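A.B. asks: Take the sequence shown: its position 114, counted from the start at 1, is 114 in our numbering, and no numbers get skipped.
Some clues are possibly wrong.
Stated by the list, open to error - Cut-off 30 Å, straight-line C-alpha distance, at most; resulting in silico cross-link-like pairs (BS3-like, lysine-lysine):
1. 100 with 154
2. 211 with 162
3. 162 with 117
4. 92 with 170
5. 269 with 212
6. 212 with 170
7. 162 with 215
8. 100 with 162
9. 211 with 170
Treat the hints as calculated values from the structure; they're not laboratory data. Since the model is a prediction, treat every value here as computed from it, not as a measurement.
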Amino acid sequence: MKKSKSIVILAGLIFLFSGSQVYGAGLERSPSSPSASYTDFQSARVLQNRTVLLINPSRTEISCIEPKTERVLWTRSFNSIKDVDPLYWPAKVVVIDYEKGQLSRTTLNMQGKELTKRVYQQLGKQAEDVRVDRISGESNLHEKIALLENDVLKIFDAGQPKSQWAYSIKNTDELGSIVNFEVNGDYAVIKYEGSAIFSEQESYLLINLVKKTSKIISLPANIRSTFDLDAGVLNIATQFSDGIGGAGLKSDKPQTYFYQYSAANGNLKNEQASIFQAGDTFGWAAYFWREHIYVKDAGTQEWTVYTLNGTPLSASENKAKKTEWFLNYFSKIL
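Can you build the whole structure from these sequences, using the hints too?
C.D. replies: Right, dumping it as structure tokens:
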């Protein structure tokens, strides 16, 4: 099955309010940990058994930790991790690895033990910088693989040597470098990051795979973001810290913390904004999860949980949501 939307994806793009990139602060080694201390990570996946997979910055290792105790349960090493896909029924972890020009799939159980390994020989040799998204499929028959390389997006039936679909990406040089991408159903999204003097800008290329049309969505300068593509909708939650650049934002003006776009045509469907307080620092961090938006005000250090129409939850509901197990863990590093 495709990555569940109960997965929290922190793809190395979440920033502390000081403006530095989030790493796994506080993940000290427990005496019973089976591996060395795991103090930084590029991205995380929350598993069905409420453990968390951390992918290290060099993308050569994944470690499974227990959030409550911060204990490292197991670690697996790979050559060059291209994609990690937790499955839920049954519970497994699929890792797409790259080695010597070939892609392979390793399936692990929840204890990190290897169940199966398969080399995608039918896909042929691939360049080392190829980007991969495993789309779906529990079996070889239904599995699909998306490859992004040299501005060409290809989707393969994993059992076939020829791509089912290909799309040439044009007129995106000004957007900067590709950060990551995702394919879901009839749509794909590619995230870019560009830079200029004292300024950075994130953009998204939203692609309709059926019509082979695309639309560019660019965020204001120095606004960070995380995204979720699901059910024909692109959800973008934003983050900003006054320590990462002169964005010219004013604390007395509403700032957009959440956008929703139709994946079919790229039209804006929903936009939510709020005024954030100016304290020792000014900024916010918003994250979308399970049809709610979790927003932290840097000035007050308070979390508020909103519905998709921007309505804050009641005090009791807000407290219950904020104390959900995953937020208890991640609030340590946000």
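A.B. asks: Against each hint, give a clear statement of whether it holds in the structure.
C.D. replies: Here is what the structure says about each hint:
1. 100 with 154: Roughly 21 Å between the alpha carbons, so the hint for residue 100 and residue 154 holds.
2. 211 with 162: Status holds; Cα separation ~20 Å.
3. 162 with 117: With Cα atoms ~22 Å apart, residue 162 and residue 117 stay inside 30 Å; holds.
4. 92 with 170: violated (37 Å)
5. 269 with 212: Within the cut-off at roughly 21 Å; holds.
6. 212 with 170: holds (12 Å)
7. 162 with 215: Distance of about 27 Å is within 30 Å: holds.
8. 100 with 162: holds (21 Å)
9. 211 with 170: Holds: residue 211 and residue 170 sit about 16 Å apart, inside 30 Å.
Hint compliance for this structure: hint 4 alone is broken.
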